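Novice: Listed here are the chains, written in short residue letters.
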Amino acid sequence: MMLFSQTRGLPVLTLTEAEEIGVLRSLTVDARSGVVTHVRVRGRHARKETVLAWGALHAVGPDAVLVRSVAAPAEAPPHHELPGLRILAETGDQLGTVQDVVFEPETGRIEAVRTVQGDLPADRLLGLGEYALVVRAG
Amino acid sequence: MNELMAARSLTTRPVVTLGGDAVAQVKDTVFDAAAGRITGFTLSGRGLLSGPLKQSLPWSGVHALGHDAVMIADAGVLAETPVVVARREAQQGRVLHARVLTDEGTEVGTVLDVVVEGGTSGRVVGFRIAADKSLVRGSRRRRHRVYVPRGETLAVSGRALVIPADATRYVADDLPSFAARLGAFHDGRKEAPS
Numbered sequence: 001m002m003l004f005s006q007t008r009g010l011p012v013l014t015l016t017e018a019e020e021i022g023v024l025r026s027l028t029v030d031a032r033s034g035v036v037t038h039v040r041v042r043g044r045h046a047r048k049e050t051v052l053a054w055g056a057l058h059a060v061g062p063d064a065v066l067v068r069s070v071a072a073p074a075e076a077p078p079h080h081e082l083p084g085l086r087i088l089a090e091t092g093d094q095l096g097t098v099q100d101v102v103f104e105p106e107t108g109r110i111e112a113v114r115t116v117q118g119d120l121p122a123d124r125l126l127g128l129g130e131y132a133l134v135v136r137a138g
Numbered sequence: 001m002n003e004l005m006a007a008r009s010l011t012t013r014p015v016v017t018l019g020g021d022a023v024a025q026v027k028d029t030v031f032d033a034a035a036g037r038i039t040g041f042t043l044s045g046r047g048l049l050s051g052p053l054k055q056s057l058p059w060s061g062v063h064a065l066g067h068d069a070v071m072i073a074d075a076g077v078l079a080e081t082p083v084v085v086a087r088r089e090a091q092q093g094r095v096l097h098a099r100v101l102t103d104e105g106t107e108v109g110t111v112l113d114v115v116v117e118g119g120t121s122g123r124v125v126g127f128r129i130a131a132d133k134s135l136v137r138g139s140r141r142r143r144h145r146v147y148v149p150r151g152e153t154l155a156v157s158g159r160a161l162v163i164p165a166d167a168t169r170y171v172a173d174d175l176p177s178f179a180a181r182l183g184a185f186h187d188g189r190k191e192a193p194s
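Quick note, the sequences are listed as chains A and B, same order. Sequence positions in the first sequence follow our numbering and run 1 to 138. Sequence positions in the second sequence follow our numbering and run 1 to 194.
It is worth saying that the hints were derived from the structure and are not from the lab. Quick caveat: nothing in here was measured; it's all calculated off a predicted structure. The beta-carbon is built from N, C-alpha and C at its ideal position, and this holds for glycine as well. Heads up, a few of these hints could be off.
[Claimed, not checked] To give an idea of the interface, some chain A residues facing chain B are shown, with a C-beta separation under 10 Å as derived from the structure: (1) 80; (2) 84; (3) 126; (4) 129; (5) 131.
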């Protein structure tokens, strides 16, 4: 179990050459399936953002992320930054904002979305867009 | 009971898909000819400089009307404006500023706003009115603004609207207490031998 906030800034290295390609900036989530689909990596010097598919990762550890391949994925979905995003119930009532996200680093599966009022289990997630994270009414 | 909302407060409320995207905001709320329920919303774009949209939102496309957003399944439920506006020209504008009479023939005020129920019903539950002195005694300087329940039967003619006389016993000064009064009003009607 790991938090999105703990992954931010982790060095991202290639598994075979141990070459650092940058630091982890953010995780892209597919709300309907409740998994992390892509990671965004920013180069330390070039400041260029690289998108990697979750499948290209070898391991997400407490101190570093190891990747098998740095090849760009076929298509990268639009990224919606979860931490700080407003949460709307499907009834149209706001439930605060996303504080953090709890996920399984082995599989990328989202376990819960952390809010000031408590954790929302991942099976309540309905959709994630530029305006809000929409969740099933509890 | 679902949260009550004044129709005017719905203006600028964002229209959000279940996918989390805000596709528009509410411009005006449109009611049916009997002022009984919401038939839809006209829309404007989001942001300061965006104007009215050609598309509007029929009530059938609303997933839920909430405190912070109007939820829709996806942008596909938006319809070309004439569908909704045809009804709007028949009605909107007519309820606002209409005189409110009881079925006993007393004039009690004029309509300032329409109170609707949030959620999925789209029901009109009452009106916010500028009350005449016959209804509310008090300050001479300004008229009182109160909420009155709608009653199941209601006649709307364009310039006047007739409510049951007993509805005037359930007026309230603000929306939370109006919600409580509404419950009492409907309970009272159920028990009344008629």
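Novice: Would you list, in rising numerical order, the hints stated earlier that this structure does not obey?
Specialist: Hint 2 alone not satisfied by this model.
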